[in-house]
Amino acid sequence: MMAHPDHMRIDGDAVRGDFPFFAYAEQESPALVYLDNAATTQRPACVLDAVNDFYICHNANIHRGIHRMAEEATAAYEQARADVCSFINAASVSEIIFTRGTTESINLVACSYAGPILGGGCDILLTQMEHHSNLVPWQMLARHNNLRLRFVPVLPDGCLDMDRLDIELRACPGLLALAHVSNVTGCVNPIREIVALAHHHGVPVLVDGAQAVPHLAVDVRELGCDFYAFSAHKMLGPTGVGVLYGREALLAEMPPFLGGGEMIHAVTLDGFTCNELPHKFEAGTPNIAGVIGFGAALAYLKQIGLDAIRAHLAELTGYAWDALSGVEGVRVPWRLSPECGIVSFYMDEVHPHDVAQVADDLRVAIRAGHMCAQPLITAFDLPSVCRASMYLYNTASDIDRLIEALQAARRYFT
Amino acid sequence: MALDTLYKEIVLAHYKNPHNFGHIPEEWTHVEGENPSCGDQFRIGMALEGGVISDIRFEGRGCAVSMSACSLLTEHVKGKTLAEAGRLIEDYLSAMKGEGALTGELAAFSGVCRFPARVVCATLCWEALLRSINARMKEESECVDNG
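Chains A and B supply the protein sequences, listed in that same order. Using this note's numbering, the first residue of the first sequence is number -8, and each one after it goes up by one. Using this note's numbering, the first residue of the second sequence is number 3, and each one after it goes up by one.
Do not take every clue at face value.
Listed next, the stretches of chain B that the computed footprint assigns to chain A, with coverage defined by at least 3 CB atoms under 8 Å from CB atoms of chain A [claimed, not checked]:
1) 8 to 17
2) 30 to 44
3) 55 to 61
4) 75 to 88
Derived from the structure by calculation, the hints contain no laboratory data. Quantities reported herein were computed from a predicted structural model and do not represent experimental measurements. Virtual Cβ for every residue (Gly too), placed ideally from N, Cα, C.
Could you build the full structure based on these sequences and the hints that come with them?
Structure representation (structure tokens):
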């Protein structure tokens, strides 16, 4: 693995050596430029090895065997929980629940926290910039529990309208659920300030951190939020693994989410008693190998350093911004945020899908569409957009290739 | 370039200068086709005279494939009876699923099948118009039955 002793600068080309995906992709010419990291990242060899090593050397079910392999598997799984706990500075491992991803984490809160306590006429406060995964679960709950959903609008620069947020919070909604970082604009919401304001009005806060944890040094205790959800696969970990952080006092009072093995203490034909936290919320055999792989991803990120990644992406985003403004017809409809490597844009007279198709033809992978945030795209009166999203292994020459692709699209269609 | 398989010359020509594109009179029969994941939105309107599509227009926005597919659709059904147009569309949709071949101008879309994510662009308006034609024919046959 590449060592980065100064924890300050990243050499994208050197880091790429840690990722077998790129060695494979580079067999083709031109080599693939991967700019769809906000959708999912690639995985370093240490993560793939951890997953493989588990299946070869330690494979057993967890929390239920007496044999040695089961103990090894359990220890490795629980070590990953401890790693997550320390990565986001939670108070205790009881507050770290493994799920299938951010989506499941949010659904868990909707079903087990909000569902039982919020009823007829209550409000849930969301924002206009939410990913569908932090919108649809609330629409489903609203229908079921007869709740009203209210939305904090987004300003023309893509940032949250903080004045409106303040006004909405005064009405004391039952919950505020919002993204830490927009997956479309890359806008970073001031969560600490927002949580303080919400708590002042007695409103609990769920944060969708899917785009934040891979970049920002998230400290859930410093943020003060009640729930925080994120996914492993957007931060070099395996797919099918996510985390829900919840304050222990809240989790302890909540009924379980899914029923089955592992989440129970004792079962009779008449009923069951719940296991203790966090197992109460982890019914069935989890993605053990994936969780262990996630632990390896966190170790890798720690070694590189999130500060260094953020500095690298700020530099690349600035470079991309300058280069994009030189391409005829390219427009960024909101203010660019440099922290998390997300640059969404559109090209006059060329549909985003056609732009992405030409880019793909030149082996540049970008995303086109509504980015699972249709209400936000619609608010800007756009049919869809293109998004280039970068991570630690991207380089300025990747941006050069993107710009060539955009120029080619322009030539092709106009 | 693989791109030319998808974007044949005729596709690009119809994208840049779509035929029968423009305002649809309210009294015409219309139907909407939408693909939220790309943000494509079309409205197709047809004027019917004695069971014949005497005029047709479309409006909306979409990618090169969906725009040109809609433009060519309007060209090909204009002047046909509802039944003829329905059959033509069904043949086109089957060919897009790999059953049967496209001929003439429409053969320009035969390469789309190699881009599975884009098949929906090439069929969006065709499916919408087929819905409208089938509904219209059903209405007419019910009128005959009742009449």
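Each hint, compared with the structure:
no. : hint     : verdict
1   : 8 to 17  : holds (count 4)
2   : 30 to 44 : holds (count 6)
3   : 55 to 61 : violated (count 0)
4   : 75 to 88 : violated (count 0)
Comparing the model with each earlier hint shows violations of hints 3 and 4; every other hint is respected.
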